[in-house]
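Could you put the whole structure together from the sequences, leaning on the hints where they help?
Top to bottom, those sequences are chains A and B.
The first sequence begins at 1 in this note's numbering and counts up by one.
The second sequence begins at 380 in this note's numbering and counts up by one.
Among the hints, a few may not be true.
Just the calculated beta-carbon pair ranges, DEER-fashion [stated by the list, open to error]:
{"#": "1", "chain 1": "A", "residue 1": "G173", "chain 2": "B", "residue 2": "S501", "range": "53 to 59 angstroms"}
{"#": "2", "chain 1": "A", "residue 1": "N330", "chain 2": "B", "residue 2": "G447", "range": "18 to 24 angstroms"}
{"#": "3", "chain 1": "B", "residue 1": "D444", "chain 2": "A", "residue 2": "A339", "range": "30 to 36 angstroms"}
{"#": "4", "chain 1": "A", "residue 1": "T223", "chain 2": "B", "residue 2": "K443", "range": "54 to 60 angstroms"}
{"#": "5", "chain 1": "B", "residue 1": "V414", "chain 2": "A", "residue 2": "S241", "range": "42 to 48 angstroms"}
{"#": "6", "chain 1": "A", "residue 1": "G173", "chain 2": "B", "residue 2": "D444", "range": "56 to 62 angstroms"}
Chain A regions said to be covered by chain B (calculated; three or more residues, Cβ under 8 angstroms) [stated by the list, open to error]:
{"#": "7", "stretch": "76-83"}
{"#": "8", "stretch": "247-253"}
{"#": "9", "stretch": "309-319"}
Derived pair list, reagent style DSS-like, types lysine-lysine, alpha-carbon separation capped at 25 angstroms [said to hold, decoys possible]:
{"#": "10", "chain 1": "A", "residue 1": "K322", "chain 2": "B", "residue 2": "K534"}
{"#": "11", "chain 1": "B", "residue 1": "K551", "chain 2": "B", "residue 2": "K479"}
{"#": "12", "chain 1": "B", "residue 1": "K463", "chain 2": "B", "residue 2": "K479"}
{"#": "13", "chain 1": "A", "residue 1": "K322", "chain 2": "B", "residue 2": "K463"}
{"#": "14", "chain 1": "B", "residue 1": "K479", "chain 2": "B", "residue 2": "K534"}
{"#": "15", "chain 1": "B", "residue 1": "K533", "chain 2": "A", "residue 2": "K322"}
{"#": "16", "chain 1": "B", "residue 1": "K416", "chain 2": "B", "residue 2": "K551"}
{"#": "17", "chain 1": "B", "residue 1": "K533", "chain 2": "B", "residue 2": "K443"}
{"#": "18", "chain 1": "B", "residue 1": "K534", "chain 2": "B", "residue 2": "K463"}
{"#": "19", "chain 1": "B", "residue 1": "K445", "chain 2": "A", "residue 2": "K322"}
If you are wondering where the hints come from, they were derived from the structure by calculation, not from laboratory data.
Remember, predicted model here, so these are calculated numbers, not experimental data.
The beta-carbon is built from N, C-alpha and C at its ideal position, and this holds for glycine as well.
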Amino acid sequence: MKRHYRRYGIVLATGTAVIFLAAAFRPPHAARRNPTPYTLSYPAYFGNRINTTDDNPLTNEGVSLGRHLFYEKRLSANNSISCGSCHQQAHAFTDGRAFSPGFDGVFTKRSAMSLCNLLWVRHFFWDGRAASPEEQVVTPLTDAHEMGQSLDSSARKLRAIHSYAPLFTAAFGSDSITPDRIVRAIAQFERTLISAQSPYDRYIRGEYQPTVTEQRGLVLFYTNPDRNRGIRGAGCGNCHSGPKVFNETYHNNGLDSIPTDPGRADVTGMDYDRGRFRVVTLRNIALTAPYMHDGRFATLQAVIDHYSDHILPSLTLSPSLKDTANRPVNVQLTPEEKADLLAFLRMLTDSSFITDPRFSDPFADAGHHTKTDHHIISE
Amino acid sequence: MKRRFFVLVAIFCLVLPSAWAQAPQTASTGGQPAVVKVTGEVLTPLTLTATDLAAMPRTTAVAKDKQGVPHTFSGVALSEIFNKAGVTTGRQLRGENLAKYLLVTCADGYQVVFSLAELDSSFTDRVVILADQIEGRPLPAGTGPFRIVVPGEKKPARNCFQVTTLAIRFAKE
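Structure follows, in structure tokens:
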């Protein structure tokens with residue numbers, strides 16, 4: 001009987017020891033937890049018509065990985081540029097250029113777009129050809145003259161960098177580094193780039209009293225001009241309406257009589273879309289010069305001058321910019337009105353957006369990228 | 380000789396489909412004919428051309444322009460299009476079908492909504508049309524070839540231009 005107990009005791013002790021040892025030496029992936037859902041925070045006045053997908057739910061870990069990949073230069077063919085090269089936080093995720101050089105120094109055909117409040121965008125690029133950030137991300141990564149590298153090559157290169165396996169594991173549950181996961185993570189990060197702390201936001205929330213000139217600019221911005229009734233207005237709000245300061249529409253805004261870039265017509269093949277481009281948000285607009293799809297206007301002043309005085313007629317000119325006789329509406333703002341409008345547009349600058357550490361380059365202080373990297377591109 | 384013939388036939392079969400596949404791209408550079416798609420909660424999805432609309436029962440609707448000047452538009456009542464597509468109208472427009480709406484999408488991305496009841500003759504005498512003519516002439520470039528005309532509406536914001544899609548949807552809340 002006693003021997004029996006002893007035997008049981010030995011078995012029990014051995015079993016416990018085995019369990020203990022297994023616990024102590026279990027591989028790290030056995031300890032993994034599910035990624036934490038990311039809490040999107042935005043004002044109610046933006047509305048909830050947001051571009052998310054059940055296929056790619058936002059998680060803290062996914063967004064963090066996306067941020068690393070957004071600033072990862074090894075996603076370009078010669079390790080010279082990242083998404084962040086043309087989309088710099090200080091410029092509200094533009095680069096201050098009309099056109100941007102790709103990894104090979106060849107310039108893009110259209111100006112780099114600001115990445116701001118993309119959560120409410122449903123058609124990406126100037127011509128609206130991509131329906132989601134996931135679809136959009138693939139183009140700059142793989143375009144022969146942008147980052148110039150296949151997603152398979154990118155995945156292969158990332159697999160050789162040991163720091164990425166834990167990031168992929170945290171985000172997606174295993175250390176498998178795939179093209180699909182690269183795309184998903186960057187798309188997640190892009191959705192988090194929300195700007196809602198400008199003076200205009202504080203004004204909407206009743207926390208900021210605009211200056212006299214800002215107030216006049218605000219009224220001008222949203223008022224449609226009516227010569228017959230002597231109403232002065234710039235009529236900007238027809239296309240840049242509401243707190244998001246854009247409508248998801250395409251317009252020919254009178255830049256050229258014969259558009260040199262087909263714009264939306266490239267996607268639809270329709271004549272009436274010739275020279276139409278997506279209406280972009282004016283949030284942080286003071287930071288995103290030069291302006292228009294081809295960066296033709298160096299300053300906001302030049303943009304205001306265009307809408308005030310230089311709208312050109314064409315077959316597809318936006319109805320919002322035409323009078324009933326089909327002529328361009330050039331509202332001819334006074335210098336003072338233009339200054340007021342400019343003051344209002346500057347109210348849309350969100351200084352916290354361009355300094356938010358959640359959106360910044362995680363490699364900036366780590367010496368991850370050598371300074372010489374920045375000089376590889378011929379300009 | 381026979382073998383050469385078969386080789387020729389094989390080459391022909393290989394080349395022809397790729398030529399076909401390229402055809403739409405070539406056409407797109409010269410501009411494609413405009414159509415209106417009727418999609419969503421329909422029994423028969425439609426792709427309506429200008430010819431299709433011309434062959435359907437026609438009606439007119441009057442609406443004012445921005446300056447308050449009335450114009451007569453002609454086209455096809457949305458209810459006619461709904462009947463052709465198999466949308467729940469008339470006696471079928473009850474119960475859960477009252478939670479359906481029409482989402483109109485225009486070429487420039489502009490969108491407006493009507494509840495089905497707003498467009499149904501058993502609910503209202505107002506006839507909303509998909510117009511293709513103004514004062515007997517084709518709609519001008521910029522608003523045509525197809526637009527919505529809502530008679531009697533105080534604001535013209537739902538008289539939208541260059542309609543590309545009529546989608547019937549269920550409110551899913």
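What hint numbers does the structure not satisfy? 4, 5, 7, 13, 18
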